[in-house]
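Protein chains in written order, with numbering that gives the first Met the number 0: chain A, 0 to 88; chain B, 0 to 598.
Hints are computed from structural coordinates only; laboratory data are not their basis.
Please note that the accuracy of each hint is not assured.
[Said to hold, decoys possible] The following label-pair restraints were derived from C-beta to C-beta distances:
| # | chain 1 | residue 1 | chain 2 | residue 2 | range |
| --- | --- | --- | --- | --- | --- |
| 1 | A | GLU36 | B | GLU558 | 42 to 48 Å |
| 2 | A | ARG14 | B | ALA119 | 57 to 63 Å |
| 3 | A | GLY13 | B | ALA215 | 40 to 46 Å |
[Said to hold, decoys possible] Coverage of chain B stretches by chain A, computed from C-beta distances (three or more under 8 Å per stretch; other residues unrestricted):
| # | region |
| --- | --- |
| 4 | 234 to 248 |
| 5 | 448 to 461 |
[Stated by the list, open to error] Residues of chain A placed beyond 10 Å of chain B at every Cβ, according to the derived structure:
| # | residue |
| --- | --- |
| 6 | ALA12 |
| 7 | ASP18 |
| 8 | PRO20 |
| 9 | GLY23 |
| 10 | ALA24 |
| 11 | ASP26 |
| 12 | TYR27 |
| 13 | GLY29 |
| 14 | ALA33 |
| 15 | GLU36 |
| 16 | PRO39 |
| 17 | SER49 |
| 18 | GLY70 |
| 19 | ARG72 |
| 20 | ASP77 |
Ideal Cβ positions, reconstructed from N, Cα and C, are used throughout, including at glycine.
Listed below are the residues making up each chain.
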Amino acid sequence: MTVELFGMSRALAGRPTIDLPIDGAIDYAGFLRALAEAVPALVPQVIASSHDALVEPNLILLDGRRAVRDGERFSADDRPCVLFLASGG
Amino acid sequence: MAGYVGPRGLLEIDLTARTAQRSELPDAVFADTLGGVGLAVRLIDERVRGPLDPLGPSNPIVFAAGPFASTPVPAANKHALATISPLTGLLNEGLSSSHFSAVLRRCGLAAIVITGEADAWTTIAIDGDRVRFEDAAALAGLSAHETTKALRDRAGDRSLRVCAIGPAGERGVRYASVENDGRQAGRGGTGAVFGAKRLKAIVLRGRGEVQVADRAATAALSATLRERALGPKTAKYRVLGTGANLRVLQRMGQLPTRNFTAATFAGAENVTPERARESSGSYLELRAGCAGCPVQCEHLYVRKDRDKRSAAASEYESVWAFGPNCGVDDLDAVLDAIGRCDEFGLDTISAGSTIAFAMECAEHGLLPRDVFGTPLAFGNGAVLLPAIDAIASRRGLGDLLADGVRAAAARIGSGAERFAMHAKGLELPGYEPRALPTYALGLSTCTRGACHNRAATYDRDLRDPVEDRRDDERARDAILAEDRAVAWDSLVLCKFVRDCFEDFEAEAAALWSAVCGLPLDGEALRASAQRTWERKRAINARLGWVPSDDTLPSRLFAEPIADGPHAGRSVDPARLAALQATYEAQRRTASSPLVALEA
Numbered sequence: 000m001t002v003e004l005f006g007m008s009r010a011l012a013g014r015p016t017i018d019l020p021i022d023g024a025i026d027y028a029g030f031l032r033a034l035a036e037a038v039p040a041l042v043p044q045v046i047a048s049s050h051d052a053l054v055e056p057n058l059i060l061l062d063g064r065r066a067v068r069d070g071e072r073f074s075a076d077d078r079p080c081v082l083f084l085a086s087g088g
Numbered sequence: 000m001a002g003y004v005g006p007r008g009l010l011e012i013d014l015t016a017r018t019a020q021r022s023e024l025p026d027a028v029f030a031d032t033l034g035g036v037g038l039a040v041r042l043i044d045e046r047v048r049g050p051l052d053p054l055g056p057s058n059p060i061v062f063a064a065g066p067f068a069s070t071p072v073p074a075a076n077k078h079a080l081a082t083i084s085p086l087t088g089l090l091n092e093g094l095s096s097s098h099f100s101a102v103l104r105r106c107g108l109a110a111i112v113i114t115g116e117a118d119a120w121t122t123i124a125i126d127g128d129r130v131r132f133e134d135a136a137a138l139a140g141l142s143a144h145e146t147t148k149a150l151r152d153r154a155g156d157r158s159l160r161v162c163a164i165g166p167a168g169e170r171g172v173r174y175a176s177v178e179n180d181g182r183q184a185g186r187g188g189t190g191a192v193f194g195a196k197r198l199k200a201i202v203l204r205g206r207g208e209v210q211v212a213d214r215a216a217t218a219a220l221s222a223t224l225r226e227r228a229l230g231p232k233t234a235k236y237r238v239l240g241t242g243a244n245l246r247v248l249q250r251m252g253q254l255p256t257r258n259f260t261a262a263t264f265a266g267a268e269n270v271t272p273e274r275a276r277e278s279s280g281s282y283l284e285l286r287a288g289c290a291g292c293p294v295q296c297e298h299l300y301v302r303k304d305r306d307k308r309s310a311a312a313s314e315y316e317s318v319w320a321f322g323p324n325c326g327v328d329d330l331d332a333v334l335d336a337i338g339r340c341d342e343f344g345l346d347t348i349s350a351g352s353t354i355a356f357a358m359e360c361a362e363h364g365l366l367p368r369d370v371f372g373t374p375l376a377f378g379n380g381a382v383l384l385p386a387i388d389a390i391a392s393r394r395g396l397g398d399l400l401a402d403g404v405r406a407a408a409a410r411i412g413s414g415a416e417r418f419a420m421h422a423k424g425l426e427l428p429g430y431e432p433r434a435l436p437t438y439a440l441g442l443s444t445c446t447r448g449a450c451h452n453r454a455a456t457y458d459r460d461l462r463d464p465v466e467d468r469r470d471d472e473r474a475r476d477a478i479l480a481e482d483r484a485v486a487w488d489s490l491v492l493c494k495f496v497r498d499c500f501e502d503f504e505a506e507a508a509a510l511w512s513a514v515c516g517l518p519l520d521g522e523a524l525r526a527s528a529q530r531t532w533e534r535k536r537a538i539n540a541r542l543g544w545v546p547s548d549d550t551l552p553s554r555l556f557a558e559p560i561a562d563g564p565h566a567g568r569s570v571d572p573a574r575l576a577a578l579q580a581t582y583e584a585q586r587r588t589a590s591s592p593l594v595a596l597e598a
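So that you can see chain B by itself, here it is in the shape it has in the complex:
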């Protein structure tokens, strides 16, 4: 083998000094991390050696390309985006995808690290190996989409790839997102870190060729994966999208409703994207997807009598957050709320959950009910847009809600914490932990906070009745799910093709080796993922994380599910503690490749 094949550039940018320094990462870094999240976490680990202010100049923003981006590997034009979250105060590693990810590598880059703080709104323009700092004052207040258009118009180049924040990020909303190519790195408030650095956008122009180590093997393995990705294993994403979860979770009695006070929602059917699809007389369905992906999973809807540019994505989590979780059964109101979040650059899960929290606080007299011109109350779809507008502009009550439910509850006091549905500061996604014990464990231990994509064990919970699994099996499942998610996110492959592998570790390792040219087998891939997980926890520990932070919202312990087939179930704190102890014991006794590597 002749060493790592593929872009290996590391671009380090200091916004305060307006300097850019380029170097090359050695083979050992790629062998250690694989790329993507593994690489981003390692770069954060090397730079964050103690507590820091997430909105201060020393907080690094790291982009790390997926090692398959801009190659024939399908569903792999993706990159990792990591920083310290202003919402949780802990590591936040997100993903985004499409053309921007591919062009990052065509600029010869494996990663970009941005530190410092500009003294005025700035755009970083990367053109091959040249870097310019451009004034972005004229872009302030624009959405990411408008920013992209303005930058392309200014350059007279439609091929520019742009990653930008919207007004919410500029104003420091702690769950502001970052967008490129219509895709968002949504969770954890990376957009606010951009805003604090006065970084409006990053613009890429790159036309370099991306080499692969073994063309024939890469082509053959990619063709197999592409064929499978066009088959029945991904049909659900192609045909329906994740919005199909709504009907399923409603039927199962596991659809968190009105801020987790119920688990079924009488109006659920009204907000299912399938209903919009079936009533084809009223809605237009549009399809979209990432560059180079055969799945094309995104399903957008808009009423036929409206401008189709206002079509909104009907992802399950987004529809859930503004629909059932706010008690809203008006699909138009839900789609409008999702569209407004994309326009302002807000994470839909945190935005919807924070509004649901505010609705419950208002119901209990802890917040005023009539500040948005229409009642702040469960079921009132008319309040969603004014609430989102207030949050994105940090106006009035919106300023309080812009910091997320944990901080808002602390400021409100009077027991508001019992309505704050978060883990480590990150708002909960739309699954019911009281009915899913392994998922509840994973949600509590997840280094990012309440992220369903880092410990997605709900499927396992559904397949095995609660009484059929022992603690050691559940702990093992959670660890496997966490480590496998790290592997996916380092490679970076879209999780929608996860069922397209027969032996994931072995096949993915062979693919990485064919593309990147370094030896890798399934065991080495697992070890890399485990090292990255250990780094994530080590970073968090340096930032102040302690084991007691691995917990769940008090409501899940104190209030049993009120309705549906799982009525009466809650999270038993003693049972969760026992599961966590087993989990920790298994984490300790597993081989520790990170320690071995550093020794």
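Only chain A is shown next, with the shape it has when bound in the complex:
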């Protein structure tokens, strides 16, 4: 599964994408555990120390447009993107 990284996750990983050894569908928590294992640098700034939640306001959008819903399983075809929007001041 290829994961696209943006913002902090890309800066911490040092690359724009990461390939995870996942075949078939996976749920949100399983995905985060796999991602944390592949890129330990994402913990704790992007992925919580528990490895099963993202640090707000990071989120995962499938194909950059649709948030993962509770209990939803997704696969490589969904192109998960780890990102955040930053504004204000």
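Here the structure of chain A is known, so what remains is to put chain B in place on it, guided by the hints.
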């Protein structure tokens, strides 16, 4: 409790009569408003009781200090700056920050109200409790930065804190900004109101101590907030800055491009600040931030072969306005445009958006294409500087563009209004409302016009698919976002630490109470914010606002997104009207603390 603790001075200055009167605000005013925007809006509300000319002498300029400025509370050296906008004709409450905000309180002041009109360029010098009016003829034409240096050199005092306008404000550009300590109160044209009053600068020297009510509690709560503000919740601002939005919005297909005619930009990657950072061989990155702030969010870039004093801030909105929105993929041209706006004192969002509007008008034959020595056309980065120069000096076509897209479209005619991307006269920021329904609602109802910082609900839109949320939920989200923004802006806390609170209302109320000494809980904080929001709308109503003004640019209704994953989506006018009706019903049925207070 022994009453409000902290500076409570109100300084009322009449530039026509050259008088200054000082009084003290009572506890009830602070309990009602909290400070900052709440206080500024109340002071405007008491003085603007009907229509007025924003560039006339009766329009007040109000500075209101944040109640945490010059205390140990981090990310809180901020002040509100409110007036009636010459761009929208409505209330404009902006924010600025850093040393000026802190010294305002060290002068014993909670607020300054300036009315009237000087007969020549003037500087107001406030030294503790003394006020002088000084001739500023020699400062005319200088940038805010140069003005600050000149005033410090003249006084032989590097510690002076200065708030000033640049040449754009002097010439009445309706989106001229006001600058202090390198920070800008950018939107809505407050700089033009300064210019109309012939007020070049305000100079502060204050060495008074600012007391807090409960030192131990303030220190403990501040330490917690500071620790969180140095943690992962703000890492994105420290490490990358808001410019990181560019890649994200491009990937999401929500990057307004070429005046909102597209939602993806092929050259986006070329103008991302991250690209400049990653190509460290070419660019120097400098960091800056406000006084007393652990986040230090500002990331400035300059080519290594250039003077580092010309480094420009790479805030998302600024890069977007001159990059994707003008179709320009040359980072140097974009950074130069941002730097030039800061030099002249121009709001980058409105300046970039107005140039994008002009580019589209030229494309359709509504404006001449070759007036700036190089084509006024999407993608031509070389036209940005001559266009900005013309706007700031109100020269030639620049005079037309200096009034913003709404007024320019009205003067051009021939359907130019369809290219004018504004709400209530304020140019749109860099998010795509056609893909963000709650944000679109908030943008339409915002009392300031198209401000992304007063109804920032795009994050909610991203988390919940469009079809998953009901109108009543979206209306509630928009109201919550508006009221919470008022609370932040009254306290005044930087919104970059918004994720550092676990229960914002309760924790912020405890902090305010520890610093200011009056009782406040989360519910009272929410009620104060709601009163301020009601005052904002009441002021606008007196100035001529009517509900039908709460709308969006016609392009968003008539032209679906042309490209990317959200292609085909537009704002359905019936859907927006239904959302607005739900929003209004919820606003009416919510408790009305303002009415209760006045009854």
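Each hint tested on the structure:
no.: 1; hint: A:GLU36 <-> B:GLU558: 42 to 48 Å; verdict: 46 Å, holds
no.: 2; hint: A:ARG14 <-> B:ALA119: 57 to 63 Å; verdict: 60 Å, holds
no.: 3; hint: A:GLY13 <-> B:ALA215: 40 to 46 Å; verdict: 44 Å, holds
no.: 4; hint: 234 to 248; verdict: holds (count 12)
no.: 5; hint: 448 to 461; verdict: holds (count 6)
no.: 6; hint: ALA12; verdict: 13 Å, holds
no.: 7; hint: ASP18; verdict: 18 Å, holds
no.: 8; hint: PRO20; verdict: 24 Å, holds
no.: 9; hint: GLY23; verdict: 23 Å, holds
no.: 10; hint: ALA24; verdict: 19 Å, holds
no.: 11; hint: ASP26; verdict: 17 Å, holds
no.: 12; hint: TYR27; verdict: 13 Å, holds
no.: 13; hint: GLY29; verdict: 20 Å, holds
no.: 14; hint: ALA33; verdict: 20 Å, holds
no.: 15; hint: GLU36; verdict: 19 Å, holds
no.: 16; hint: PRO39; verdict: 14 Å, holds
no.: 17; hint: SER49; verdict: 13 Å, holds
no.: 18; hint: GLY70; verdict: 14 Å, holds
no.: 19; hint: ARG72; verdict: 16 Å, holds
no.: 20; hint: ASP77; verdict: 13 Å, holds
The structure meets every hint from the earlier list without exception.
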